[in-house]
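*Asks:* Reassemble the complex: the two chains are provided individually, in unrelated frames, and hints are given to aid placement.
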Amino acid sequence: MSHAPLGPACAALLRRDLTLAWRRRGDIAMPVLYALIVVTLFPFSLGPEDALLQRIAGGVVLVTVLLAMLLALDAMFRSDIEDGSLEQLVLAPQPLALMLGMKILAHWLTTALPLIVIAPLLAGMLHLPTAVMPVLLLALLLATPLLSLLGAILVALTAGTRRSGMLLALMLLPLCVPVVIFAAGAIAAAQQGLPWLAPIAWLGAALALALVLAPLACAAALRIALDA
Amino acid sequence: MTASSTQAPLLLEARALSFYRQDEPVFGPLDFRLREGEVALVEGDNGSGKTTLLRILAGLLHVDEGELLWRGERWQRDAHLGDIVFLAHHLGLKADLSARENLAIAAGLYGARDNMAADGVWVDIGLSGYEDEPVRRLSAGQKKRAALARLLLLPATLWLLDEPYANLDRVGIELVNRLLEQHAARGGGALVTSHGAVSFLGGEPRRIRMHA
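For the record, the sequence lines run as chains P and X. Residue 101 in the numbering used here sits at position 66 of the first sequence, and the numbers go up by one each step. Residue 19 in the numbering used here sits at position 18 of the second sequence, and the numbers go up by one each step.
Keep in mind the hints are simulated off the structure, nothing from the lab. Just so you know, even glycine gets a beta-carbon here, dropped at the ideal spot from N, CA and C. Just so you know, not all the hints are guaranteed correct.
[As the list claims (entries may be wrong)] Some residues of chain P that are not near chain X, with every Cβ distance over 12 Å (derived):
#  : residue
1  : Leu-48
2  : Leu-76
3  : Glu-84
4  : Leu-105
5  : Leu-131
6  : Ala-166
7  : Thr-193
8  : Met-206
9  : Ala-223
10 : Gln-227
11 : Trp-237
12 : Ala-241
13 : Leu-251
[To be verified] Some chain X residues close to chain P (C-beta under 10 Å, calculated; not the full set):
#  : residue
14 : Arg-56
15 : Ala-59
16 : His-63
17 : Glu-66
18 : Leu-70
19 : Gln-77
20 : Leu-82
21 : Gly-93
22 : Leu-94
23 : Gly-109
In isolation and in its complexed conformation, chain X is listed as follows (with noise of 0.2 Å):
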């Protein structure tokens, strides 16, 4: 993989990003390209900014310093709101409403892929059976699944991916290393942030080092 994704477009370039909070820096200055059908780790302790680099990324926060490029371009946020898809620690799940529910608010919002029936992901993301359940009645893990499902029919290119392994089983964790192969083979990329040594694509990942 990495051979060819070398000669990759570049999708997302940071050049020297900083953050602060309150004139604390929270990380930076920090570095990084991502090339099409590449994914990345990144990597850090607690409180290291992983988050805030995510939230940077998906647009809700302000770049303090520094240069974020996008296809080579200055990024913007408003030019590529639902080419990046953000699963944060809030899943953004709605708990009186079912998995179902919950997915066809998220493509009514954000579109769906051309060739993906909603019906399709329950089984892939391992929640068929479960799918009309209220979101409030899953388990932590299930509730994982039913945001990931997002992941299978939304039209994102660029996914940031905050601690997706957090809650999920063994089989889990390879359901969510399988989206990352088929999303990169795709030719989209995806950020992912975790603190904890996960195995990852069964090869060795780009990683980006966050230090605080």
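Next comes chain P alone, as it looks inside the complex (with noise of 0.2 Å):
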């Protein structure tokens, strides 16, 4: 009798939601189309100006690749509470809170890479800044895994209820709020020149805690949606 090691354990789920995501490809390009469409309207409502579009352009960017996540966030591990899947993770010899760390990192490439890779074109719309591009890719780079994080804690939480979609984005807001104000303080002090590492820095050592933390939060919940 063997057990199965721990590193391909986690390669196998890893490939399996990926696997599962391409079959689905429709699903990974809902909020990408989302994110385009609501950037390509902003020039249209408030006009062709390129100084307020400049501005704004970072803070847009930012709120639009966030919103588009919450999209794709309720369904992280709906199916597989439906399907039993999660039943049988749980019941794997294998650490689960590492097993749902690794179903929260598919998530994040399946939704919110593909929004980092056309985010330059987002913010290209609306003038922003080439000097400040690279400053706008490394706040959403750590910003949006520390989002997938935070949320994969609520949809854990608000697993067992119907119709969750309402109280998971009341419950995200305020926890939101700081990633939004430290990613576009970052951004704002890039546009206008000034040192820009210690809101990136807060960011990085706030995806460190939830890094470590995140997944066990979700282990612990999910465990207690299966024994309800």
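*Replies:* So, in structure tokens, the structure goes:
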């Protein structure tokens, strides 16, 4: 009798979730299209005034990307709960927190990464200066996984409830605010030629903390959801 | 089988096990013993708590009252992960993946029996030719078989099978019985729920009767 080693188990789970996402490519395209549409509409509603668009570009791209991520957030564990895969995952002889970490990673790779890839295009449409682009990408690279991790806790907490979407959005709002403040702060500072490292470092610190704690919280919350 | 199994070491023992849902008793107090190489049929009407019992034994639900012993020691959830395989009403199959991919995931998470190759199971399980079809295109019985493939591959001692005969044809029912026989011969134990009369292992099985 041999139990499965940890590394291949993580890889198998990650590969499964990525394969599933690839087989439902339309679902991946949805947040990307949403972000494109929102950012396209801004110049039409505010007028094609370069200085104004330039000033709001960073914030608009940031908020759009975070909102687009929310679209896919509540699906993170839903199908696994519905088809019984989550029970099989909980009963597997593997650390549940690490397995859920893999699921969150897969979710980030399939929803946030495409958004980060098109972020320069979105920012370019709003005339964000090229020099600020690296700071925007860095802020997104730190803010989006942070939001995935925080969102995963809330998704796990609301997993047992029907129609959890509304509850999820309400609970996520206060957690989003500091993420947006620090990320937007870094972009604004870079735009004004000020040092932008401090807010980025804060985002990084929060991400490090969430990386360790969020999967543990998810595991506890999902066990409770299955026990109900 | 009964003569030899009375001497076999005890695998699982429940003493006055009860379960309440919001202070409503679901079942219990329930006493039973399961020895190595023993298969027991959990019987009861709809709503008598058969599935609840299996979910408790799998470690998904808390024990409210009574004692549960695993090989003579107090049962602890995390200590026996991987020793138990739970086949629930929700089969735990991903509809967009093929039966083969689903089995690969299960083996990746639970490990595989040393002498079993994943490719060999499809003929045994009666799914050969359909192992690469997405599970969503399979019939209910074929989905069941795709889930049963886990039993062949995973190295678990205790099988908890919730309605394994549902949706299966006559050949499928024989397949489940054959799997259970082989598992018992290896010294594994199994609890099987059913509310219908099934021809079971040829002879009279151990029965655990649930009362609401």
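*Asks:* Give a verdict on every hint.
*Replies:* These are the hints, each one checked on the structure:
no. : hint    : result
1   : Leu-48  : violated, 7 Å
2   : Leu-76  : holds, 33 Å
3   : Glu-84  : holds, 47 Å
4   : Leu-105 : holds, 24 Å
5   : Leu-131 : violated, 9 Å
6   : Ala-166 : holds, 43 Å
7   : Thr-193 : holds, 19 Å
8   : Met-206 : holds, 25 Å
9   : Ala-223 : holds, 43 Å
10  : Gln-227 : holds, 48 Å
11  : Trp-237 : holds, 36 Å
12  : Ala-241 : holds, 30 Å
13  : Leu-251 : holds, 14 Å
14  : Arg-56  : holds, 8 Å
15  : Ala-59  : holds, 6 Å
16  : His-63  : holds, 6 Å
17  : Glu-66  : violated, 16 Å
18  : Leu-70  : violated, 19 Å
19  : Gln-77  : violated, 13 Å
20  : Leu-82  : holds, 4 Å
21  : Gly-93  : holds, 4 Å
22  : Leu-94  : holds, 6 Å
23  : Gly-109 : holds, 3 Å
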